[in-house]
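**Student:** For reference, the chains in residue letters:
2 protein chains.
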Amino acid sequence: MKSLSLDEAKCLLEKCKNSGRQVDMTRGRPSKEQLEIGMRMLESAGELDYTYAGGDARNYGDLKGVPAARELFADLFGVGKENVVVLDGSSLSIMYRLVANAMDFGIMGEKPWREQGRVKFLCPAPGYDRHFAICEEFGIEMMTVPMLADGPDMDVIERLVQSDASVKGIWCVPKYSNPTGIIFSDSTVECFASLKPAAKDFRIFWDNAYIVHSLTGEQHHLANIFDEAKKCGNDDLIYEFTSTSKITFAGSGIAALAASEKNIADFLSHLQFEMINPNKVNQVMHAAYLKNTDNIARIMGEHAALLRPKFELVDRRLFEAFGRDCPDVKWTMPLGGYFISLDVRGVAARVGELTKCAGVKFTKVGATYPYGKDPHNSNIRIAPSIPTLEELDFAMDALIAAITIALAE
Amino acid sequence: MKSLSLDEAKCLLEKCKNSGRQVDMTRGRPSKEQLEIGMRMLESAGELDYTYAGGDARNYGDLKGVPAARELFADLFGVGKENVVVLDGSSLSIMYRLVANAMDFGIMGEKPWREQGRVKFLCPAPGYDRHFAICEEFGIEMMTVPMLADGPDMDVIERLVQSDASVKGIWCVPKYSNPTGIIFSDSTVECFASLKPAAKDFRIFWDNAYIVHSLTGEQHHLANIFDEAKKCGNDDLIYEFTSTSKITFAGSGIAALAASEKNIADFLSHLQFEMINPNKVNQVMHAAYLKNTDNIARIMGEHAALLRPKFELVDRRLFEAFGRDCPDVKWTMPLGGYFISLDVRGVAARVGELTKCAGVKFTKVGATYPYGKDPHNSNIRIAPSIPTLEELDFAMDALIAAITIALAE
Numbered sequence: 155m156k157s158l159s160l161d162e163a164k165c166l167l168e169k170c171k172n173s174g175r176q177v178d179m180t181r182g183r184p185s186k187e188q189l190e191i192g193m194r195m196l197e198s199a200g201e202l203d204y205t206y207a208g209g210d211a212r213n214y215g216d217l218k219g220v221p222a223a224r225e226l227f228a229d230l231f232g233v234g235k236e237n238v239v240v241l242d243g244s245s246l247s248i249m250y251r252l253v254a255n256a257m258d259f260g261i262m263g264e265k266p267w268r269e270q271g272r273v274k275f276l277c278p279a280p281g282y283d284r285h286f287a288i289c290e291e292f293g294i295e296m297m298t299v300p301m302l303a304d305g306p307d308m309d310v311i312e313r314l315v316q317s318d319a320s321v322k323g324i325w326c327v328p329k330y331s332n333p334t335g336i337i338f339s340d341s342t343v344e345c346f347a348s349l350k351p352a353a354k355d356f357r358i359f360w361d362n363a364y365i366v367h368s369l370t371g372e373q374h375h376l377a378n379i380f381d382e383a384k385k386c387g388n389d390d391l392i393y394e395f396t397s398t399s400k401i402t403f404a405g406s407g408i409a410a411l412a413a414s415e416k417n418i419a420d421f422l423s424h425l426q427f428e429m430i431n432p433n434k435v436n437q438v439m440h441a442a443y444l445k446n447t448d449n450i451a452r453i454m455g456e457h458a459a460l461l462r463p464k465f466e467l468v469d470r471r472l473f474e475a476f477g478r479d480c481p482d483v484k485w486t487m488p489l490g491g492y493f494i495s496l497d498v499r500g501v502a503a504r505v506g507e508l509t510k511c512a513g514v515k516f517t518k519v520g521a522t523y524p525y526g527k528d529p530h531n532s533n534i535r536i537a538p539s540i541p542t543l544e545e546l547d548f549a550m551d552a553l554i555a556a557i558t559i560a561l562a563e
Numbered sequence: 155m156k157s158l159s160l161d162e163a164k165c166l167l168e169k170c171k172n173s174g175r176q177v178d179m180t181r182g183r184p185s186k187e188q189l190e191i192g193m194r195m196l197e198s199a200g201e202l203d204y205t206y207a208g209g210d211a212r213n214y215g216d217l218k219g220v221p222a223a224r225e226l227f228a229d230l231f232g233v234g235k236e237n238v239v240v241l242d243g244s245s246l247s248i249m250y251r252l253v254a255n256a257m258d259f260g261i262m263g264e265k266p267w268r269e270q271g272r273v274k275f276l277c278p279a280p281g282y283d284r285h286f287a288i289c290e291e292f293g294i295e296m297m298t299v300p301m302l303a304d305g306p307d308m309d310v311i312e313r314l315v316q317s318d319a320s321v322k323g324i325w326c327v328p329k330y331s332n333p334t335g336i337i338f339s340d341s342t343v344e345c346f347a348s349l350k351p352a353a354k355d356f357r358i359f360w361d362n363a364y365i366v367h368s369l370t371g372e373q374h375h376l377a378n379i380f381d382e383a384k385k386c387g388n389d390d391l392i393y394e395f396t397s398t399s400k401i402t403f404a405g406s407g408i409a410a411l412a413a414s415e416k417n418i419a420d421f422l423s424h425l426q427f428e429m430i431n432p433n434k435v436n437q438v439m440h441a442a443y444l445k446n447t448d449n450i451a452r453i454m455g456e457h458a459a460l461l462r463p464k465f466e467l468v469d470r471r472l473f474e475a476f477g478r479d480c481p482d483v484k485w486t487m488p489l490g491g492y493f494i495s496l497d498v499r500g501v502a503a504r505v506g507e508l509t510k511c512a513g514v515k516f517t518k519v520g521a522t523y524p525y526g527k528d529p530h531n532s533n534i535r536i537a538p539s540i541p542t543l544e545e546l547d548f549a550m551d552a553l554i555a556a557i558t559i560a561l562a563e
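If you read the protein sequences in the order shown, they are chains A and B. Quick note, the first sequence lines up with residues 155 to 563 if you use the working numbering. Quick note, the second sequence lines up with residues 155 to 563 if you use the working numbering.
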């Protein structure tokens, strides 16, 4: 440990400021080197056969996506192909559409949410700001649920979901959670799968964004929520999502929904008015490049090799400055995903101000909480993927100096 | 002319039926040969530079699309780049979203349509069934407006739009109209551009789907509705759409919206909750392949060379069977687009039944009218693009025989 004195910290922050350098760590974006990995897919695009039994990916048809892509995601999710729809680049779009459909048309024959008075979503926090933003867009009330080490607080969730029919959904990132990096335990998944909601049209929005995004090369276990739900006849309860945004290209990949056949039919009954089909050419390219789950794990190993040193640098620098036992500065060292979640007790907003002045931008403080309000003014989401190691070292100078100053103030 | 006797017609239809052949002409889909044209785009996908000033198409960012694609569509539409958003494959999705946004959130600060009681759209007919389907999905009342030779009946439109604040929109395909193939005259476009709607949140949905889809090689004139609208300070009135579905790949191309800066800002204010960006990799591929309006015209010449003989065959076969002066059988010979619109007075449904039994499927009779109801039971949309010339000749045997029988019955 080589913690800074207040004077040293002020001096270091001033040095950062005077360097005129800018580092943007606001979002979990892949680096240029990671994007180069996906170029192999584009290089073979001209040589592929875009036809398949019963269709041509270059022509209209197949609202659910091409068979090869649906099979690939079915294997990833551990569900049947009939439970999968593959669409365009953004899984967020699928979530948005499902919420919009529920508001306007209702889920599987239930009344539209719009006609049911005030409706609510449970939001484990810290969580993903874009999930919360969808609720804000549609005027859905958000109720914060604490995140624990093995998932959200299931006692709170059970009580609210099972007693209040105005609770219609919950946002989850079950693997390498955004931003805390935890993996939901088996008992958490089982508890989700066996919920008995007061509302028939309650749905779990299971955003498995980092389904294959190990940082260690090891494949970490997350229980299959559909397997658990089937045991109690509860599989209509779940919408599961993922995308290739951090496997191939961010926002230019393909995204998938897994759900029960009834839910899929309900979704398609509205989607058919919006499009004839998603970009199937891109789906054939992806299926040919990604091939199968083993090959995806290999590709993700290439990403991990680029990402891991960055996570390690952040961890090492924080450890050197604050040690593991500082009560005011705690952070996660995740096994996968894109974020290190840093808690700086009561001074997150001030740290954000100070680093911003020094040219280093983090995700807006508070963004990981519903309505952008962190009740403890404590959480900072560090997204180390984009900067180079050298830029990251600079950013950590600014961050450590800022924390030291803010805590002293 | 070599018209068939009733006996000859019955014999010919029976022959078609017994052949066991199936020809599907339900939708305006490009043929396999047309899709091969676009393969050149995919062949160079691996060699392109996906970075541009201020961005990388392979990473998150640029909700409006990549600059090169926005510039290309701005040139095609004849508007500024600031007036263009480029999204994924389906222009229908953009239309759907705009209607959904208007229903749920309202247009540019006006009350949501949902809160304004019954709202109505004007539907020039025959028209595009998927436009009408969006209205049905959202419970928007459709009012049929007759299509004339130079566009929809503007007297009817002016009267309804200017007197009734519940009239919120109108669907138009202004060039090589679906299905009648007409091009709106300058005076029709001027009349649209100078409408003074009773509703502030009335919008013209100007679906310029066939903006460059000439069948003759000649570029046919359609007045620029934005130029006209600006003259009377009316440019907030228009949403214009197009896509490359019939330039590159159907549903796997890119689609664009052109609108006033205020409308664009309004659209993006909701789109930002739904996605971080569209598939920009596909946009860079398209911009590099399509290059500019001249090059697009050259590519469309390749499509026209494949399409024109099919349109000519349909025209020739109908002419030989019924001549130009048959009061019961009239059809269009369009200068562009994907359809021949056939009117068979009072017997369209019966013709559809007879051809279907003989293995030849047309767009569902009535589909070109709101609620699927053709008041004259007269319109059949012929989409000759998909079949080979030989299949098309077979389909025309069945069609001509069916018309002859239906008229005799």
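Treat the hints as calculated values from the structure; they're not laboratory data. Check each hint, because a few of them may be wrong.
Within a straight-line C-alpha distance of at most 30 Å, the following computed BS3-like cross-link-like pairs (lysine-lysine) qualify [to be verified]:
1) A:K350 <-> A:K445
2) B:K265 <-> A:K274
3) A:K527 <-> A:K515
4) B:K515 <-> A:K518
5) A:K169 <-> A:K385
6) A:K186 <-> B:K235
7) B:K445 <-> A:K265
8) B:K265 <-> A:K527
9) A:K171 <-> A:K416
10) B:K265 <-> A:K265
11) B:K527 <-> B:K274
12) A:K218 <-> B:K186
13) A:K218 <-> B:K527
14) A:K186 <-> B:K218
15) A:K156 <-> A:K235
16) B:K518 <-> A:K445
17) B:K186 <-> B:K171
18) A:K218 <-> B:K510
19) A:K171 <-> A:K274
20) A:K186 <-> B:K186
21) A:K518 <-> B:K416
22) A:K385 <-> A:K416
23) B:K218 <-> A:K515
24) A:K416 <-> B:K518
25) A:K518 <-> A:K218
26) A:K218 <-> B:K385
27) B:K235 <-> B:K385
28) A:K235 <-> B:K186
29) B:K416 <-> A:K218
30) A:K510 <-> B:K218
31) B:K445 <-> B:K156
32) A:K169 <-> A:K416
33) B:K171 <-> B:K416
34) B:K518 <-> A:K218
35) A:K527 <-> B:K445
36) B:K156 <-> B:K385
Sample of chain A residues facing chain B (criterion: CB under 8 Å; computed from the structure) [as the list claims (entries may be wrong)]:
37) C165
38) K169
39) L196
40) G208
C-beta: ideal position from N, C-alpha, C; glycine also.
**Student:** For a quick check of understanding: which of the numbered hints are violated here, in increasing order?
**Tutor:** 1, 4, 5, 7, 9, 15, 16, 19, 20, 25, 26, 29, 31, 32, 33, 35, 36, 37, 38 and 40
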